[in-house]
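Protein chains: 2
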Amino acid sequence: MKKLTILGATGSIGVSSLDVVARHANEFDVQYLSTYQNVALLFEQAQKFRPRAVAIYKEDSVHEYAQRFKEIGVEIVTGFDGVLELSRRDDVDIFVNALVGAVGLQPTLNAIKPGRRIALANKETLVLGGELVMRQARQVGAEVIPIDSEHSALLQCIVGEEAAAVQKIVLTASGGPFRERPETEFGRISVAEALNHPNWTMGPKITIDSATLMNKGLEVIEAFWLFGLAPEEIDVVVHPQSIVHSFVEFRDGSIKAQLGLPDMRVPIQYALSFPKRLAADFPRLDFSQLRDLTFEQPDYEKFRCLKLAFDALAEGGSAPAVLNASNEEAVHLFLKEMIRFDQISQIVEEALTQCPRNGRCDAATLLAADQTTREYVQSTFS
Amino acid sequence: MKKLTILGATGSIGVSSLDVVARHANEFDVQYLSTYQNVALLFEQAQKFRPRAVAIYKEDSVHEYAQRFKEIGVEIVTGFDGVLELSRRDDVDIFVNALVGAVGLQPTLNAIKPGRRIALANKETLVLGGELVMRQARQVGAEVIPIDSEHSALLQCIVGEEAAAVQKIVLTASGGPFRERPETEFGRISVAEALNHPNWTMGPKITIDSATLMNKGLEVIEAFWLFGLAPEEIDVVVHPQSIVHSFVEFRDGSIKAQLGLPDMRVPIQYALSFPKRLAADFPRLDFSQLRDLTFEQPDYEKFRCLKLAFDALAEGGSAPAVLNASNEEAVHLFLKEMIRFDQISQIVEEALTQCPRNGRCDAATLLAADQTTREYVQSTFS
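From first to last, the protein sequence lines are chains A and B. Adding 1015 to a residue's 1-based position in the first sequence gives its number in the numbering used here. Adding 1015 to a residue's 1-based position in the second sequence gives its number in the numbering used here.
Chain A extracted, bound-state conformation (with noise of 0.2 Å):
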């Protein structure tokens, strides 16, 4: 019996995680869970899966639920300070870090101990602090296993192989809402529009960085974490269907791919049960009804961010948290519709040049690096 923490548990990750815990019963117990601030949901997950404890980020929107929670013996604590507390509590064999948004980064780094796993669905955590996450697992002999689909295809593929074998890594994109749409239109997408990603039902902030390609950019700075390959190693092919999940070719030439339906919860169970799988009835691929693949390469003009994204990578030192946070300030700011679409990567590139960067990876370099860009993109943009 796997102990469990969740962070994010009433997201979409959160959620499908409960789901595969609640199938497997008698293979992971809840212990912690947190929310963000959807403590109605939270409170039903408490019900269901009695943790011990609870966090609520939101101090102000526990309310009338501290009796309740109380009634069925369930500890709350509150505010990031909760949620830096839940993190480093002992008794926990995984840690799903499903957080959005650099938040994730130091949650990440308290939960890391000696046998313990990091299922991480927070890719932030990764694009700021790569450096410093992986070398930590390593130190203490931590695992750090992906839930992102392309992430989790790529260890699929790469388990039973010797990493000296592996020669380059293809993560798939979707191409997003917009891979069709003229880059003259850009500036007239609507928030609705750039909200209905075509394949998968995320939450917001990840849905606007699956238009922009920032997500696949994202992940391409998470892999190069995970898998140890020099970023030119590290390429993306744009795949509609959302079917296979990624490539990684190896040195005699043999390539291997993992694919499915898109549905987290694959994912999500690969990583709770790693290396073993668990046999669970999601819906099947139907061979007899596939039809057609199809791929093409990514317009890295269109899409600015995933270009950004590897220039950032191959700077290295804080410019990727320089870009993570220049770009989760102007999501922010076009889900308000305070800026346009095309804004975001003109915002992300701006910082990019204006913001003070260097070759530092301490926890400390990184989120003033961050929190830096935030405030100049407030002040420049708001």
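Just so you know, not all the hints are guaranteed correct.
Note that identical chains are pooled: a pair holds if it fits in a single copy or bridges any two copies.
Claimed, not checked - DSBU-like cross-link-like pairs, simulated, lysine-lysine; straight-line CA separation at most 35 Å: (1) 1128 to 1291; (2) 1073 to 1085; (3) 1018 to 1063; (4) 1322 to 1018; (5) 1183 to 1291; (6) 1291 to 1351; (7) 1128 to 1351; (8) 1073 to 1018; (9) 1017 to 1351; (10) 1291 to 1017; (11) 1183 to 1017; (12) 1073 to 1291; (13) 1220 to 1017; (14) 1183 to 1322; (15) 1073 to 1128; (16) 1063 to 1128; (17) 1317 to 1183.
It is worth saying that the hints were derived from the structure and are not from the lab. These figures come from a predicted structure and were not determined experimentally.
Here the structure of chain A is known, so what remains is to put chain B in place on it, guided by the hints.
Relative to chain A, chain B alone:
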């Protein structure tokens, strides 16, 4: 340094195997080679790779080469007895069986020895003798590693996974040159048309089998023995581009595929280097050129041989031996223009009704079924 025997050294697989060996002169050392009758090529190979001995099946083709082999210090053995004798020799780590047809079974049985690897391109070995060969290999601790691109793909997808996690395998088939030809025109297909495979350059027997889809049927039976699944857990999907070489579905719904350009050197090298991968500069799949991968269901009415193979597998015992022998004879008659293309499946179907079959799987029973079936086809259709 692994010591190799290659039976069928002058055929398509044999030549590619020696290409792989030449690329890794520090890894592999050729001990024994055999040919059916291409003594000129065998002599060239012997000059280059300096085996201890060679077997020449057709004794009357030795002629003037006897002296030349002697001059380079290479022993000659002749006839099928010579092939059998080489297959029993001890100083070999990897035994590559690239013979064509049922004649490959006995050499494989001879070669199964503790710690030895059987690298199998001769699919009839398993079609006829799957139960016998796999049992004997398990008993003495020999490995059976497939060289077929499809079975190599399956092995590559399964490596690192628990056997129990495999739920289904799906073999891809190019569909051959007559995928879009109406069945009503099958009677008018010429030998030259049938020998013109769209994706792979192979010997005449397997090329005709690819045109009838019997090749895929034989591979289904081979997969059954190699991977220990139930017949209903093995499926076939037509994939005209021959880029995806096969799929494995796991019990969590995840699917893996192995893919690459059609190049037999990749699965051959994998069979020799397994579980490692050796670096090789075989032409790469260019992801920037990757466009459409298409899939469709096989037409079991039009390609009756594929259906008959599934039936023979379900019946078991000596039925696959009858299927294989009648097909070998029918293909032989077609290549000699003594029957029409559409008669190949008719002959196999008739043989499966007319020829005695039973449930025993010892070598004598299987070879008797093989012999009886050949005589039946020859006497009825020649």
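Cross-check of the supplied hints:
1. Proximity of residue 1128 and residue 1291 under a CA criterion of 35 Å is satisfied in both settings, with 22 Å inside one chain copy and 32 Å between copies.
2. Within a single copy, residue 1073 and residue 1085 get their C-alpha atoms as close as 18 Å, which meets the 35 Å cut-off; across copies the closest is 89 Å, which misses it.
3. Proximity of residue 1018 to residue 1063 under the C-alpha cut-off of 35 Å is restricted to the intra-copy arrangement: shortest distance 15 Å within a copy versus 61 Å between copies.
4. Taking identical chains as interchangeable, the C-alpha atoms of residue 1322 and residue 1018 are never at most 35 Å apart, the minima being 40 Å within one chain and 49 Å between chains.
5. In this assembly of identical chains, residue 1183 and residue 1291 lie within 35 Å of each other by CA distance both inside one copy and across copies; the values are 25 Å within and 17 Å between.
6. In this homomeric assembly, residue 1291 and residue 1351 never come within 35 Å of each other (Cα to Cα): the closest approach is 43 Å inside a single copy and 53 Å across copies.
7. For a Cα distance limit of 35 Å, the shortest separation of residue 1128 from residue 1351 qualifies neither inside one copy, at 39 Å, nor across copies, at 72 Å.
8. For a Cα distance limit of 35 Å, the shortest separation of residue 1073 from residue 1018 inside one copy, 25 Å, qualifies, whereas the shortest one across copies, 68 Å, does not.
9. For a Cα distance limit of 35 Å, the shortest separation of residue 1017 from residue 1351 qualifies neither inside one copy, at 41 Å, nor across copies, at 66 Å.
10. Taking identical chains as interchangeable, the C-alpha atoms of residue 1291 and residue 1017 lie at most 35 Å apart whether they share a chain (13 Å) or sit on different chains (33 Å).
11. Proximity of residue 1183 and residue 1017 under a CA criterion of 35 Å is satisfied in both settings, with 34 Å inside one chain copy and 28 Å between copies.
12. With identical chains, the CA atoms of residue 1073 and residue 1291 are never at most 35 Å apart, being 37 Å at best within one copy and 52 Å at best between copies.
13. For a Cα distance limit of 35 Å, the shortest separation of residue 1220 from residue 1017 inside one copy, 30 Å, qualifies, whereas the shortest one across copies, 55 Å, does not.
14. In this assembly of identical chains, residue 1183 and residue 1322 lie within 35 Å of each other by CA distance solely inside one copy; the values are 18 Å within and 39 Å between copies.
15. For the homomeric pair residue 1073 and residue 1128, the shortest alpha-carbon distance inside one copy (27 Å) is at most 35 Å, but the shortest distance between copies (69 Å) is not.
16. Proximity of residue 1063 to residue 1128 under the C-alpha cut-off of 35 Å is restricted to the intra-copy arrangement: shortest distance 28 Å within a copy versus 57 Å between copies.
17. With identical chains, the CA atoms of residue 1317 and residue 1183 are at most 35 Å apart within one copy only, with a shortest distance of 25 Å there and 41 Å across copies.
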